[in-house]
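J.: The hints should help you fit chains S and G onto chain Z, whose structure is shown.
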Amino acid sequence: MTTFIHFTIVGLAMGMIYAIMSLGFVLLVRSIGILNFAQGDLFMLGAYISYSLIMQLNLSPIAYIISAIIAFAIIGVVFMYVIWGPVKKSYWPQAPIVCTIGASYIISEACRLIWGNAPLIIPSTIKGSINIGALTISNQYIAILIYGVLVISAIYLLYEKAYLGLILQSATQDYMAATILGVPVNLTIAITYVLITLMLGFSGYLVAPLFFVSQNLAGFQVKSFAGAIIGGFGSLKGAILGSIMVGLIESYSAYFTSVYKDAFIFGTLLIVLAVRPNGLFSEKNGK
Amino acid sequence: MDEVILSIQNVNKSFGGIKPTDNVSFNVKRGEIVGLIGPNGAGKSTLLNLISGIISPDSGSIFLNNVDISRMPAYRRSRMGIGRTFQDPQFLLRSKPIENMLLGADLANKNRYMQSYLGLSEDKFTMKFAELLEISGLNVDMSLRINDLPYGQRKILEIVRALLGNPQILLMDEPAAGINIVETEMIVKLINYAISEQKIGVLLVEHHMDLVMSICNWIEVLSSGTIIANGVPEDVSKNPSVIEAYLGRKSDVIS
Amino acid sequence: MASNKNREILIKTGWTALKVALVAVVVIVFTSKANNYYFTIVNSALIYVIAALSLSLLLGMGGMMSFATVTFMGIGAYATANLSKVLHVPTSLSILLAVLISALIAFLIAILLTRLKGSYFAFASIGLAQISYAIFLNFKPLTGGPNGFSNVPKLIIAGIEFDNLKKWFYLLLIIVFLAALSLERIRRTTLGRSLAAIRDNEIAAQSLGIDIYSTKIITFVIASVYGSIAGALIAHMNTYLSAYLFTFDISVSFLIMVMLGGVNSTTGAILGALLVTLIPEWFRVLQSYMKLIYGISIVALMIFMPSGLTGIIDSIKYKVDMEKKKKRNKDYSNG
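Protein chains in written order, with the working numbering: chain Z, 1 to 287; chain S, 1001 to 1255; chain G, 2001 to 2335.
Zero decoy hints are in this set.
Heads up, simulated DSS-like pairs for lysine-lysine below, C-alpha to C-alpha not over 25 Å straight-line:
1) Lys2012(G) / Lys1096(S)
2) Lys1096(S) / Lys2327(G)
3) Lys1096(S) / Lys2319(G)
4) Lys88(Z) / Lys2117(G)
Cβ-to-Cβ under 7 Å is the rule here; a few derived chain S residues that face chain G:
5) Ala1074
6) Tyr1075
7) Ser1078
8) Arg1079
9) Arg1084
10) Gln1090
11) Leu1092
12) Leu1102
13) Leu1103
14) Asp1106
15) Leu1107
These are calculated hints, taken from the structure and not from any lab test.
Cβ coordinates follow ideal geometry from the N, Cα and C atoms, glycine included.
Just chain Z, same shape as in the assembly (with noise of 0.2 Å):
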């Protein structure tokens, strides 16, 4: 029982950490229309600048996180004013897709010639760890759980019951006809692009310890966008309840397995797909 208590929080933990990176994901499709294949390396970036803040310049809690928010809302701007910005009026609907591939080969190569191939190491946020019987668990994903639940909350209540949310995806809605009402469109995207580089990059800060700062943290991605694609692409609501799902999955499967996880949540994703190709908790279903 203690096994199935502690398999279910991590479980539930990392399903979270999927589920900030799918909502990234579906927002960015939403807002702007576009797939962003660098998720997974603006977490992994978030995770190395925290370390080169927290572990080389030894700032304090209070400087890291200001300096931290900083940082991850330029790298956001940059990001839409150098990938996004100047493709989004191509001919070709893959273009703006196939730059953010550039992109991710950029962020992870340059983190690779800046900090190195060896993991780095980041204590963790809580240290120590809870009991749970004979188990042990340790507090890191606590904190995770509860910086997913506190952000995955904010998020979905703005974009989805708040008037701010409404504008905020009215550029892919009508691009012209948001511009016409005196949208700030760019500003609007902007926004977008520095929310999700802030929620990935604390998340990234929040997984290292657990799974040391390193290339791996990049595989992230694959399995957000399975939980986004399983719990259905059009809804929030979907991607955070199909990533949750996918942490889950990964999880237990790791009790009996430790190679075939993958495959395990891969194949999820095909059967899914075959009997409700909309996603399990998508508001469309059917053809």
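T.: Below, chains S and G without anything else, positioned relative to chain Z:
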């Protein structure tokens, strides 16, 4: 020549609070040009979309040559003989005319991919295409991409493409909109050719009343989703409720 | 009228003959001076051309971005490897069977995947590439697991054993030529045109009787055939298979190849594949920066040259033609 090609029976369609199609019924016979007129927002384009299969009716039936096509997907209806032109011509814009026209010819060929790979004779197509161009009198620079061609030429080419597909019935959505008199004449020649030589029926949605009154054998008048009148052109043009429907709103052109 | 057509045919034949002669000269010069190392590189490049053609069909002609080319390469590779080594099936037959197996799997997968809209299809294909990689890397019985699959029997066709890279070079030239030819043929058929319609204007496609769903499935299967052939050739040429040959990164490189060369052009796919494979070799010095340069090139490519090299050449030709016409019209109205 009195054979019914297209039969719409009690077709209804709603979108949320709007009902663009309210219990609509009429027929189109082979060799007949039926005009579908009505003020803006009457539901004419919706009706064409229902017939060609882009949307499905909530209730009612659509028959093509006595076959119930109401639930068939759009592509199957096209293969069964529903030809369509659009208010805004739908082309592969960055391709040249010939590629677009060949698509029309592809529709007329039954054994599609395999036979084409093994060598489809394109001579029949070239002759037919040249014939249609000559009948209309259209001169097209075939080396230009579609999006470099003037609007009027695109509208005419779309009709040619539809005719290359050997349709049973041609649904036309405002073919004369936005073109000049000479081009309108070309379209009339094509329509007449299609009626007499290809023996099809035509359902013509138009606002150009001159055109409608001169070439249509029969007119259906649609307003707010229902047929408010129908008959031969002379009668319809004098029908008070028709006049009111047009004058009662921001109207277009009345002859 | 007739003499114009004859002139056209003559000019066309002349150009083709020139191109063939050029290629022949390059080939002869190359084979006389080349050593094994060169052949390894060029042979890989040629096999990758076949894979690029697969993507050119899906993406260039059909507008479907797929990262699953490596999946079918892998299936083709491991299938022929197992059939020929374990079941002792003669290699020419095992390749054929491998392609059929791959096509069948592609068909089943296509039924699921093609229902998805463009971008979601792309993602599902990524998922597919990840699953297949996980399986190739870990499933010992069929793939040898992390240690790879060794001692794949050498290819024997009509009694000729392909045991050195030079023979493979000639064989690959022929295969690539046939593959390119068949792709060009498809482009000029109903299928090719239907794909163009699906890619450019779905409304037009539907009103022209094109069954979008079925056409996409057929195309996906055909693309898998090209992919599995490439994989099978790798298996018999290297006689050793490793999952690292079939990673997502490799799929990305195929995408770069077709976008660089020109996504909707067979020549473009060939050009792109050759360039992307050979350029890193010429710039070995920058090895450690390769990926970074790669990334920057991709972004620059999309910003400045999204239609690829052949796309730019076509645009230039088209514009020149239009200028010539304008000038001619001006002369007529002035004259």
